[in-house]
Amino acid sequence: MMTSPVAGCISNKGGNLVQLTSFTLVQDCRTEKIDNNLKQEITKLTGDLNHETAQYCNLAVALGGSQDTLDLRDELKHIRQRAFEIARQNKQKLIPALRKKNVCEEDAKQLERLYNMFSSCLELLEVELFQTLRLQKMFPLQSGVHFLINVGTSEPFLGCKSQINISEVSLQKESEEINLLERDIADVHDLLFTINQKIAVQPWAAATYNETSQQDEDCKSESSTSGSTASSIDITMVEPNNKRKRWLCVVIMTFVAVLLSAAIIGVCLGLLK
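All the letters of the sequence shown, read from the start, carry residue numbers 1 to 273 under the UniProt record's numbering.
These aren't lab readings, by the way, just hints derived from the structure by calculation.
Incorrect hints may have been included.
Derived EDC-like pairs: lysine to aspartate or glutamate, alpha-carbon spacing no greater than 20 Å straight-line [said to hold, decoys possible]: (1) Lys100 / Asp187; (2) Lys39 / Glu85; (3) Lys39 / Glu126; (4) Lys173 / Asp68; (5) Lys44 / Glu112; (6) Lys93 / Glu176; (7) Lys137 / Glu126; (8) Lys101 / Asp187; (9) Lys77 / Glu126.
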């Protein structure tokens, strides 16, 4: 059997041509597009996790301060539970999509970016949970005699322990809240460890987000049209700055020379007397 000069065909001894499939077509057949609904759902879950994490960070700042209350700690508990549920749902959809080996390059890059956002939110949430645990143990609201830190955002002495009504909630509930927070931290840590073990996507290896070609062309056109004006503005701005620096140096040197001359004259007059 001998090869024919025609690409993609071979000829046998009978002279019959046999059509071959090119490697590019084989590669195209092996690529797989991710369902748009699935990508939108993963994107929405990642955005929701980002929102919940940011909200938790904003509220956790008040822990241990004069605005720390039981309502604040209950709200933080609800936020972290919602965030963990969102992260669990996102893991069930994102990880199987990322582990597919025949996904097209465009969808793979998009999934990697979503994974980086997802894992970053989980890491930040884990850090904030550890900080919350430390502050709640340091500033208990229902046991002991402790003073909250007066941060100046409310009237004085509102951070005193005696101002907090502790008759409604028992001391046992506070210890249960601490134990629940510790379990939540362990769950987030296990989830983060699991996704990092299943997916080997490094943040520095993922492709960065690129704007569309139309936006790039608009930016290039704007930069080209404003290039000449910008250069002229830069030149006109640099020259006055240089002149001001020169005049400032001259004034300073003149002032120093006058002071030295006055000092020398004063010394000479003193010696003459």
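Here is how each hint holds up against the structure:
In summary, the hint linking Lys100 to Asp187 is not supported, as the alpha carbons are separated by about 26 Å, beyond the 20 Å threshold. Between Lys39 and Glu85, the direct Cα distance comes to roughly 19 Å. Compliance with the 20 Å bound is thereby established for this hinted pair. With a C-alpha separation of about 25 Å, the suggested pair Lys39 and Glu126 falls outside the 20 Å cut-off, and the hint is violated. A C-alpha spacing of about 17 Å is found between Lys173 and Asp68, which places the hinted pair at or below 20 Å, so the restraint holds.
With a CA separation close to 15 Å, the supplied pair Lys44 and Glu112 stays within the 20 Å bound. The straight-line distance between the Cα atoms of Lys93 and Glu176 is roughly 32 Å, outside the 20 Å bound, and the hint therefore fails. Of the supplied pair hints, the one linking Lys137 and Glu126 holds, its CA atoms being roughly 17 Å apart against a limit of 20 Å. In summary, the hint linking Lys101 to Asp187 is not supported, as the alpha carbons are separated by about 29 Å, beyond the 20 Å threshold.
The straight-line distance between the Cα atoms of Lys77 and Glu126 is roughly 13 Å, inside the 20 Å bound, and the hint therefore holds.
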